[in-house]
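Engineer: Listed below, chain by chain, are the residues.
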Amino acid sequence: MHIYTCPFCGPRPETEFHFGGEAGNDRPDGDVPAQAWADYLHYRQNPKGAAREIWIHLTCHEVFVMTRDTVTMAAQPGEPIPSDTTDRGDA
Amino acid sequence: MRDRAPFWTPATRPEDILLEGDWITLRGLPPLPQVMVSGDLDAYRAAHDLPEAVGLLAEAEDPHYAVRLARRRMLVVGTELSPRDAGWSAGCATSPMTGALAAFEITGPRAMDLVARATALDPYRPSPSAALLFAGMQGVLYRHGEALRLHIDRGLAAYLANWAAATSLFPDGADAAAPQT
Numbered sequence: 811m812h813i814y815t816c817p818f819c820g821p822r823p824e825t826e827f828h829f830g831g832e833a834g835n836d837r838p839d840g841d842v843p844a845q846a847w848a849d850y851l852h853y854r855q856n857p858k859g860a861a862r863e864i865w866i867h868l869t870c871h872e873v874f875v876m877t878r879d880t881v882t883m884a885a886q887p888g889e890p891i892p893s894d895t896t897d898r899g900d901a
Numbered sequence: 572m573r574d575r576a577p578f579w580t581p582a583t584r585p586e587d588i589l590l591e592g593d594w595i596t597l598r599g600l601p602p603l604p605q606v607m608v609s610g611d612l613d614a615y616r617a618a619h620d621l622p623e624a625v626g627l628l629a630e631a632e633d634p635h636y637a638v639r640l641a642r643r644r645m646l647v648v649g650t651e652l653s654p655r656d657a658g659w660s661a662g663c664a665t666s667p668m669t670g671a672l673a674a675f676e677i678t679g680p681r682a683m684d685l686v687a688r689a690t691a692l693d694p695y696r697p698s699p700s701a702a703l704l705f706a707g708m709q710g711v712l713y714r715h716g717e718a719l720r721l722h723i724d725r726g727l728a729a730y731l732a733n734w735a736a737a738t739s740l741f742p743d744g745a746d747a748a749a750p751q752t
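In order, the protein sequences belong to chains G and P. Under the working numbering, think of the first position of the first sequence as 811, with each following residue one higher. Under the working numbering, think of the first position of the second sequence as 572, with each following residue one higher.
The following block holds chain G by itself, in its conformation from the complex:
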């Protein structure tokens, strides 16, 4: 059993978390070439070693960034996502 650390709740069992994808894979904005869409939709970095990933804590619904080593599986404590990246202000 892995223990991941939610920025709000603290250390919790891995079963309380859900993987949300690679961090930094932002949706292309505006008129972009097909290759940019392909990169966004289909291609991943898959680094060997430290990987920054989006995770969701299912019990408190916190969405955060976690750095996880893909070789050793060691996970750093989760970091809150800065509010300016989730609130685009276009509502």
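What the hints contain is simulated information worked out from the structure, not anything from laboratory work. Every residue, glycine too, gets a C-beta built ideally from N, C-alpha and C. Heads up, some of the hints might be wrong.
Stated by the list, open to error - A partial selection of chain P residues facing chain G, derived with a Cβ cut-off under 7 Å:
hint, residue
1, A641
2, R642
3, A691
4, L692
5, S698
6, S700
7, A702
8, L703
9, L704
Said to hold, decoys possible - Have a look at the derived ranges for each label pair, beta carbon to beta carbon:
hint, chain 1, residue 1, chain 2, residue 2, range
10, P, A657, G, W847, 39 to 45 Å
11, G, M811, P, E630, 26 to 32 Å
12, P, S666, G, D839, 31 to 37 Å
Following the hints, put chain P in place on chain G, whose structure we already have.
Structural biologist: What follows is chain P alone, placed relative to chain G:
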């Protein structure tokens, strides 16, 4: 039209569930008045004279108290809310949860053994949120007097009884967990 009601297993009333083992008891409680509050929690607590919301396995005291579920969400227990009054007001969204969540009390010296079977979290490490996955279910767990209190979706009460009865903590639990007819 053909009556298909007898086809379905009778629903288990949470308050009818009682499992007794060696040094442990799991008992369903009559429906507790509950309100889910989302938004500005401090403002809601000040307006309703509520104490600080308790976290995981922290002590809550009657007559009414709040249990923290998330950064901007808590469950208020002991306060009734009419569906007519539910909604968004003064920076908070309120929803009546009395019929949605069933409450159970786990008592006895081996109460924490049941928690150990249900989750791998560290019971000695405080957490600001009382929400957890308990035996695979979304739940809320805190202390109330001598007991542990667990809130789960009302529809999962029968599953909780069956799951607990299958543990070694309740040797005679299978009969007690059977649906009432």
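Engineer: Now tell me if each hint is right for this structure.
Structural biologist: Status of each hint after checking the structure:
{"no.": "1", "hint": "A641", "verdict": "4 Å, holds"}
{"no.": "2", "hint": "R642", "verdict": "5 Å, holds"}
{"no.": "3", "hint": "A691", "verdict": "4 Å, holds"}
{"no.": "4", "hint": "L692", "verdict": "6 Å, holds"}
{"no.": "5", "hint": "S698", "verdict": "5 Å, holds"}
{"no.": "6", "hint": "S700", "verdict": "4 Å, holds"}
{"no.": "7", "hint": "A702", "verdict": "4 Å, holds"}
{"no.": "8", "hint": "L703", "verdict": "6 Å, holds"}
{"no.": "9", "hint": "L704", "verdict": "5 Å, holds"}
{"no.": "10", "hint": "A657(P) / W847(G): 39 to 45 Å", "verdict": "43 Å, holds"}
{"no.": "11", "hint": "M811(G) / E630(P): 26 to 32 Å", "verdict": "27 Å, holds"}
{"no.": "12", "hint": "S666(P) / D839(G): 31 to 37 Å", "verdict": "35 Å, holds"}
Hint compliance for this structure: every hint is met.
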